[in-house]
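Position chain L against the provided structure of chain W, taking the given hints into account.
As they're listed, the protein sequences go chains W and L. At position 17 of the first sequence the residue is numbered 17 (this note's numbering), and the sequence of numbers has no breaks. At position 12 of the second sequence the residue is numbered 299 (this note's numbering), and the sequence of numbers has no breaks.
Any given hint could turn out to be false.
Here are a few chain L residues that sit away from chain W, every Cβ distance over 10 Å (derived from the structure) [what the hints assert, rightly or not]:
| hint | residue |
| --- | --- |
| 1 | Glu364 |
| 2 | Pro463 |
| 3 | Lys566 |
| 4 | Ala603 |
| 5 | Asn656 |
Non-contacting residues of chain W with respect to chain L, defined by C-beta distances greater than 10 Å in every case (computed) [unchecked claim]:
| hint | residue |
| --- | --- |
| 6 | Arg6 |
| 7 | Ala8 |
| 8 | Thr26 |
| 9 | Leu30 |
| 10 | Tyr56 |
| 11 | Leu150 |
| 12 | Tyr162 |
| 13 | Arg188 |
| 14 | Leu205 |
Quick list of simulated restraints, FRET-style, between CB atoms [as the list claims (entries may be wrong)]:
| hint | chain 1 | residue 1 | chain 2 | residue 2 | range |
| --- | --- | --- | --- | --- | --- |
| 15 | W | Arg275 | L | Pro463 | 39 to 47 Å |
| 16 | L | Asp629 | W | Ala265 | 53 to 61 Å |
| 17 | L | Phe468 | W | Thr114 | 39 to 47 Å |
No lab work stands behind these hints: they were computed from the structure. We put the beta carbon where it would ideally sit given N, CA and C, even for glycine.
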Amino acid sequence: MKVKNRAAKSSLLMAMPMYVFTILFTFGPLIYMFALSFMRRQATWGVINEFYAGNYLRILEPVFSGVFAESFKLALITTFFVTLFGYPFGYFMAKLPPKHKNRAMLLMIVPFWTNSLMRLYGWIIIFRSNGILDSVLIALHLSEKPLRLLYTYPAVVVGMVYVLLPFMIYSVYSSAEKLDWSLVEAARDLGASKTYAFLTISLRLTMPGLLSGIILTFIPSMGLYFIADILGGNKVALVGSIIQEQLLRARDWPFAAALSVALMAATSLTLYLYRRITRSEDLEGLV
Amino acid sequence: MKKLVYVLLSLVLVTGLFAGCGNAQNPAQEVAPGGEAAQEDAGEENSPADSAPAENPAPENKGTFTLFTWEGMFPQEVLDGFEQATGYKINYSVFDTDETMLTKLEVAKGGDYDLVIADDYIIETAIAQNLVQKIDKSKIANYANINSAFQGQFYDPTDEYTVPYGSGVQTIVYDPERVDFEITGYSDLWDERLADNIGIIANYRVINGMALKTLGRSYNTNDLAEIREAGDKLITIAPNIRLIKDDSLEAELLTGEIAAGVMYTSQVTMAKLENPNLKVVFPKEGIGFGIMAGFIPSNAPNSDAAHAFLNYILDAQNGAKCFENLGYYSTNAAADELINPDYKEFLTLPEDFEQDNMEMIGNISDEANELHSTIWVEFTAACGQ
Numbered sequence: 001m002k003v004k005n006r007a008a009k010s011s012l013l014m015a016m017p018m019y020v021f022t023i024l025f026t027f028g029p030l031i032y033m034f035a036l037s038f039m040r041r042q043a044t045w046g047v048i049n050e051f052y053a054g055n056y057l058r059i060l061e062p063v064f065s066g067v068f069a070e071s072f073k074l075a076l077i078t079t080f081f082v083t084l085f086g087y088p089f090g091y092f093m094a095k096l097p098p099k100h101k102n103r104a105m106l107l108m109i110v111p112f113w114t115n116s117l118m119r120l121y122g123w124i125i126i127f128r129s130n131g132i133l134d135s136v137l138i139a140l141h142l143s144e145k146p147l148r149l150l151y152t153y154p155a156v157v158v159g160m161v162y163v164l165l166p167f168m169i170y171s172v173y174s175s176a177e178k179l180d181w182s183l184v185e186a187a188r189d190l191g192a193s194k195t196y197a198f199l200t201i202s203l204r205l206t207m208p209g210l211l212s213g214i215i216l217t218f219i220p221s222m223g224l225y226f227i228a229d230i231l232g233g234n235k236v237a238l239v240g241s242i243i244q245e246q247l248l249r250a251r252d253w254p255f256a257a258a259l260s261v262a263l264m265a266a267t268s269l270t271l272y273l274y275r276r277i278t279r280s281e282d283l284e285g286l287v
Numbered sequence: 288m289k290k291l292v293y294v295l296l297s298l299v300l301v302t303g304l305f306a307g308c309g310n311a312q313n314p315a316q317e318v319a320p321g322g323e324a325a326q327e328d329a330g331e332e333n334s335p336a337d338s339a340p341a342e343n344p345a346p347e348n349k350g351t352f353t354l355f356t357w358e359g360m361f362p363q364e365v366l367d368g369f370e371q372a373t374g375y376k377i378n379y380s381v382f383d384t385d386e387t388m389l390t391k392l393e394v395a396k397g398g399d400y401d402l403v404i405a406d407d408y409i410i411e412t413a414i415a416q417n418l419v420q421k422i423d424k425s426k427i428a429n430y431a432n433i434n435s436a437f438q439g440q441f442y443d444p445t446d447e448y449t450v451p452y453g454s455g456v457q458t459i460v461y462d463p464e465r466v467d468f469e470i471t472g473y474s475d476l477w478d479e480r481l482a483d484n485i486g487i488i489a490n491y492r493v494i495n496g497m498a499l500k501t502l503g504r505s506y507n508t509n510d511l512a513e514i515r516e517a518g519d520k521l522i523t524i525a526p527n528i529r530l531i532k533d534d535s536l537e538a539e540l541l542t543g544e545i546a547a548g549v550m551y552t553s554q555v556t557m558a559k560l561e562n563p564n565l566k567v568v569f570p571k572e573g574i575g576f577g578i579m580a581g582f583i584p585s586n587a588p589n590s591d592a593a594h595a596f597l598n599y600i601l602d603a604q605n606g607a608k609c610f611e612n613l614g615y616y617s618t619n620a621a622a623d624e625l626i627n628p629d630y631k632e633f634l635t636l637p638e639d640f641e642q643d644n645m646e647m648i649g650n651i652s653d654e655a656n657e658l659h660s661t662i663w664v665e666f667t668a669a670c671g672q
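Looking at chain W on its own, in the form it has when it is part of the complex (with noise of 0.2 Å):
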């Protein structure tokens, strides 16, 4: 008993650093935000110190509820990608045998060692007027003059689900690679056709990888406005960009934490829905 309560209190002492790590940088901000967000811009610059339901109030003009619902209609277009290409790429990366697997690992994790505002800077190389692509489609007879690809919606949802796409590929790939292989081949010795031992054995056994995958794409998505600012030339109003214009341009901190608040309400309530729908418990990687 002694000897169980020492341990006990040594480990608390050993993982004191997060609990307070967490508080001061985590809760803290958190708080802070909360708070802000009932107060009220003063004329020149900074806030005053007083109670303002008004900010929450703003968010629902029709103009900031667009731009909630903008924010959601790309976060899901990104996710309906990135499910399309990652998931069965992860599937079958974990079925390559394992130096190859490896290999393909490898080859997925050396993007990483870059700046993911660097990559996307290299589809603008890509997509820019008279860029790669234009002059390879010029050269292939397939376009006549430049697509001017850069700045349009398009470019915006392919530099998504290029920076998240990882993110399904692994929790996929983790998932699949845990797959116990025999019950298919049992599965299709009973007489199972092949579409039908993925559907019943391989799909549903994939599930909490695949679903952490969508939820690994779908949060950021909501919040990643850089891609939006960098490929579709600030067109596409999101929440983030909103929040950072009324940081820096407005100077309406409260707004700004009101926005921030609400994103992050919204966020929350669609993983609370999503794990009631889908009664996932258990997420790959994700408590």
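Below, chain L alone, put in the same frame as chain W:
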């Protein structure tokens, strides 16, 4: 052995952290380009005859002059010249935003710094907070060189507190090779021939102001109905907008991604330097502008030095060097004539220029500002459709 390396490495990292903290506590000593860096190239770049009279090669040290402004506001040549001519030693302290400057000045209670150069709107606030002292014009022999177009503005209506240093004038730039008609004002930007071909900066006061101007209103109107009307007008330009971007918009014009742009003066300067065939238009509806100006904080430790510095940069020759380097419109009328002809066209106002047609973008009411920012969100969303 390996362990030792780790320990050493982490020690280095930790000390690095603290070294960073230590510096920040003393704002007055942050950066001093006038110090080491200046001494290094003073010998090569500066022929002493330029700035200091030959009979007085080394004036006695008169103390430190602390200048507080953005980075890169003056050519090194001018800073060195001032030190040699007057004997003050420049301590160049930098801020990155006007708001940081005001906070530091508030903390220092108007002390610590001898001269601050910042944007117009924040100076209005600083004066209202009694952080600024009046300028003694008798100590500035070159005061008359100031271009009167940039005086008597909202932040200092009676010119008691400030000396302007550079102005951002809102112009339209376009590439005549890719625009087959002449642009003379903002209303031309609504033309269908510019479909998906215009780039604008992400500054809603400037861009909404563009619509206000085409409707014949003031940039600074507090009338919400007028702002709303301008907002509705602005949204109709959306099909022509290819991109909204604050950083290096000029590059997009140079690479041909856009054919026309509404951009910051420094960007216009860079675009023109790269491609002199570009056309710069003073919009016929009216010209908006902003001013950077110098002021002396209320408790400046060395206000004599500040006056001396203002006098030095108001000199015609020194002023010309400054504006060629700064890339903003010259606020020094005497310097205008000395500016290199390559730059002159886009660093000075034309001679036949109508000053009545200019309007500064100043502080407006909270409600008006809020409506502007709401319209901006509607507008960007409309551009994406």
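Hint check results:
no.: 1; hint: Glu364; in the structure: holds, 33 Å
no.: 2; hint: Pro463; in the structure: holds, 18 Å
no.: 3; hint: Lys566; in the structure: holds, 21 Å
no.: 4; hint: Ala603; in the structure: holds, 36 Å
no.: 5; hint: Asn656; in the structure: violated, 7 Å
no.: 6; hint: Arg6; in the structure: holds, 28 Å
no.: 7; hint: Ala8; in the structure: holds, 29 Å
no.: 8; hint: Thr26; in the structure: holds, 21 Å
no.: 9; hint: Leu30; in the structure: holds, 24 Å
no.: 10; hint: Tyr56; in the structure: holds, 14 Å
no.: 11; hint: Leu150; in the structure: violated, 7 Å
no.: 12; hint: Tyr162; in the structure: holds, 20 Å
no.: 13; hint: Arg188; in the structure: holds, 49 Å
no.: 14; hint: Leu205; in the structure: holds, 41 Å
no.: 15; hint: Arg275(W) with Pro463(L): 39 to 47 Å; in the structure: violated, 59 Å
no.: 16; hint: Asp629(L) with Ala265(W): 53 to 61 Å; in the structure: holds, 56 Å
no.: 17; hint: Phe468(L) with Thr114(W): 39 to 47 Å; in the structure: holds, 44 Å
Figure legend: structure checked against the earlier numbered hints; hints not met, in rising order: 5, 11 and 15.
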